[in-house]
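Q: Just so you know, the protein sequences line up as chains A and B, in that order.
When we follow full-length UniProt numbering, the leftmost residue of the first sequence carries the number 1, and every step to the right adds one.
When we follow full-length UniProt numbering, the leftmost residue of the second sequence carries the number 1, and every step to the right adds one.
To be clear, the hints were calculated from the coordinates, so they are not data collected in a lab.
These numbers were taken from a predicted model, which means no experiment stands behind them.
Possibly wrong hints are sitting among the right ones.
Unchecked claim - 20 Å max Cα-Cα, derived EDC-like pairs, lysine to aspartate or glutamate: (1) B:78 / A:7; (2) B:65 / B:174; (3) B:136 / A:222; (4) B:205 / B:217; (5) B:136 / B:100; (6) B:78 / B:66; (7) B:205 / B:181; (8) B:49 / A:132; (9) A:185 / A:7; (10) A:119 / B:221; (11) A:119 / A:132; (12) B:232 / B:214.
Said to hold, decoys possible - What the simulated footprint calls covered on chain A by chain B, stretch by stretch (three residues with Cβ under 8 Å from a Cβ of chain B suffice, anywhere in the stretch; the number is not a length): (13) 118–129; (14) 153–166; (15) 209–222.
Each residue gets a CB set at the ideal place from its N, CA and C atoms; glycine is no exception.
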Amino acid sequence: MKGWNWDGFFEYLTNTYILEGAAVTLGLTIASMTLGVVAGCVVALMRMSPFRVLSNIAYFYTWLIRGTPLLVQLIIIYTGLPQIGIKFSVLEATLIGLVMNEAAYLSEIIRSGISSVPKGQSNAARAVGMTDVQMMRYVIAPQAARIIIPPLGNSVNGCLKTTSIASIISMEELLRRTQVLIQEKFMVLELFVVAALYYLLMTTAWDLIQRRIERHFGRGYDIKADAAEQR
Amino acid sequence: MQPMIVLEDVDKWYGKNFQVLKSCSLTVSPGEVVVICGPSGSGKSTLIKCVNGLEPVQGGRISVKDMEVTGPRTNLPKLRSHVGMVFQHFDLFPHMTVTENICIGQTRVLGRTQAEAEAKTAALLERVGMSDHARKYPIQLSGGQQQRIAIARALAMDPIAMLFDEPTSALDPEMITEVLDVMVELAKEGMTMMVVTHEMGFARKVADRVVFMDGGEVVEDTPKDEFFASPKSQRAVEFLSKILDH
Ligand SMILES: Nc1ncnc2c1ncn2[C@@H]1O[C@H](COP(=O)(O)OP(=O)(O)O)[C@@H](O)[C@H]1O
Ligand SMILES: [Mg+2]
Numbered sequence: 001m002k003g004w005n006w007d008g009f010f011e012y013l014t015n016t017y018i019l020e021g022a023a024v025t026l027g028l029t030i031a032s033m034t035l036g037v038v039a040g041c042v043v044a045l046m047r048m049s050p051f052r053v054l055s056n057i058a059y060f061y062t063w064l065i066r067g068t069p070l071l072v073q074l075i076i077i078y079t080g081l082p083q084i085g086i087k088f089s090v091l092e093a094t095l096i097g098l099v100m101n102e103a104a105y106l107s108e109i110i111r112s113g114i115s116s117v118p119k120g121q122s123n124a125a126r127a128v129g130m131t132d133v134q135m136m137r138y139v140i141a142p143q144a145a146r147i148i149i150p151p152l153g154n155s156v157n158g159c160l161k162t163t164s165i166a167s168i169i170s171m172e173e174l175l176r177r178t179q180v181l182i183q184e185k186f187m188v189l190e191l192f193v194v195a196a197l198y199y200l201l202m203t204t205a206w207d208l209i210q211r212r213i214e215r216h217f218g219r220g221y222d223i224k225a226d227a228a229e230q231r
Numbered sequence: 001m002q003p004m005i006v007l008e009d010v011d012k013w014y015g016k017n018f019q020v021l022k023s024c025s026l027t028v029s030p031g032e033v034v035v036i037c038g039p040s041g042s043g044k045s046t047l048i049k050c051v052n053g054l055e056p057v058q059g060g061r062i063s064v065k066d067m068e069v070t071g072p073r074t075n076l077p078k079l080r081s082h083v084g085m086v087f088q089h090f091d092l093f094p095h096m097t098v099t100e101n102i103c104i105g106q107t108r109v110l111g112r113t114q115a116e117a118e119a120k121t122a123a124l125l126e127r128v129g130m131s132d133h134a135r136k137y138p139i140q141l142s143g144g145q146q147q148r149i150a151i152a153r154a155l156a157m158d159p160i161a162m163l164f165d166e167p168t169s170a171l172d173p174e175m176i177t178e179v180l181d182v183m184v185e186l187a188k189e190g191m192t193m194m195v196v197t198h199e200m201g202f203a204r205k206v207a208d209r210v211v212f213m214d215g216g217e218v219v220e221d222t223p224k225d226e227f228f229a230s231p232k233s234q235r236a237v238e239f240l241s242k243i244l245d246h
């Protein structure tokens, strides 16, 4: 038995190689959530469109993505597709896989958020002369956001952790770099605990941010909080 | 005088089989107050929503002042910015304060500055007796208060006509008067109004004409006094006895 090595543990806790890995994890999360929200909106609007073709394409897309594991998708994109002449770098393949996944899951979240806004709201917005775009921007989206943000926040949390799957195609994020160090130094437990702590740090920080955002979009719905704000 | 609102042989279907409006014709002159009544499901809400193009029609034509509502190239947002509408369930924007509710159309649609919009809003809040509530959210207000804000929101656009769809029927009885008072005031100032309501007291006080609808048809369109004294159709007689009894 080797026992727990405190010196090694603290050394890796501040190791720049690991720290950079954590930064990559954070970057991957920010990139795939941002692009995922944009793509998710497109898929959601297609899904809700009165044109059957668009709606069916969107349905097929979410069915396909949500019905298969990200791990399999990444391997297909990075390892499989070159076989038919389509080549992506590790970063490209990772981003494509992550964004495609987020878009599929988020589109469902966005769709339910938008349909939760009562019909009367769109009539009221139109009645004051808003165009469809203005109605979306000033009336529908802010109200949908209140419904969307809790599950969206969970998706960010999930995405922070899911990025680790990209280590399988040698994306140099937090987990991959931890594994590389383990192969050199054999401090398995210490290094994995360090990685776990970094994930925990990032998810906890996000939790705090999410609570602030939720409070912002909750205005107008909580009588006590609104009254306090007005004093 | 050029009429303000004209509906000419308007037909509308929901789906293929259900005709909700059957050749409805109606003219409202500037400054006129027309009350529309009729049994539930007779098409009153649908009819009034067609006037500002919230519902498309399949036949006939509708115009407001010199704007064609039913034309293929109509700029509907522009048209609607000139026609105020008040709904049964108020439909204030819940995520905006009272002031924001009344400002949003002025700034985003009419292009007024924030300062102009807020000045106008303050004046309107005064007028509907809601000055103390400017910074509140709709959820903090009673139904009657919300409806008065909804009227202010519509008036903020300086409309040439106002449409009301049962503005008091979702209100507790003790709040009906405060909303009707605002509407009576508006009528007396010469606003052109189309009002779907069963408040016959309001109709008696300010209506010029009463339109009675049943089964998607305009059954009667008569001057107010005539309508109350001697309705022409049997259906109107029955309807009146029902709502005046209770
Ligand atoms: N969006 C819709 N789709 C299908 N039928 C509708 C729709 N809106 C209203 N209707 C039907 O049209 C008829 C007239 O409705 P409405 O105009 O709301 O009547 P009123 O306001 O006089 O009570 C009713 O039978 C109603 O069920
Ligand atoms: Mg109705």
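Q: Where does the structure disagree with the numbered hints, that is, which hint numbers, in rising order?
A: 1, 2, 4, 10 and 14
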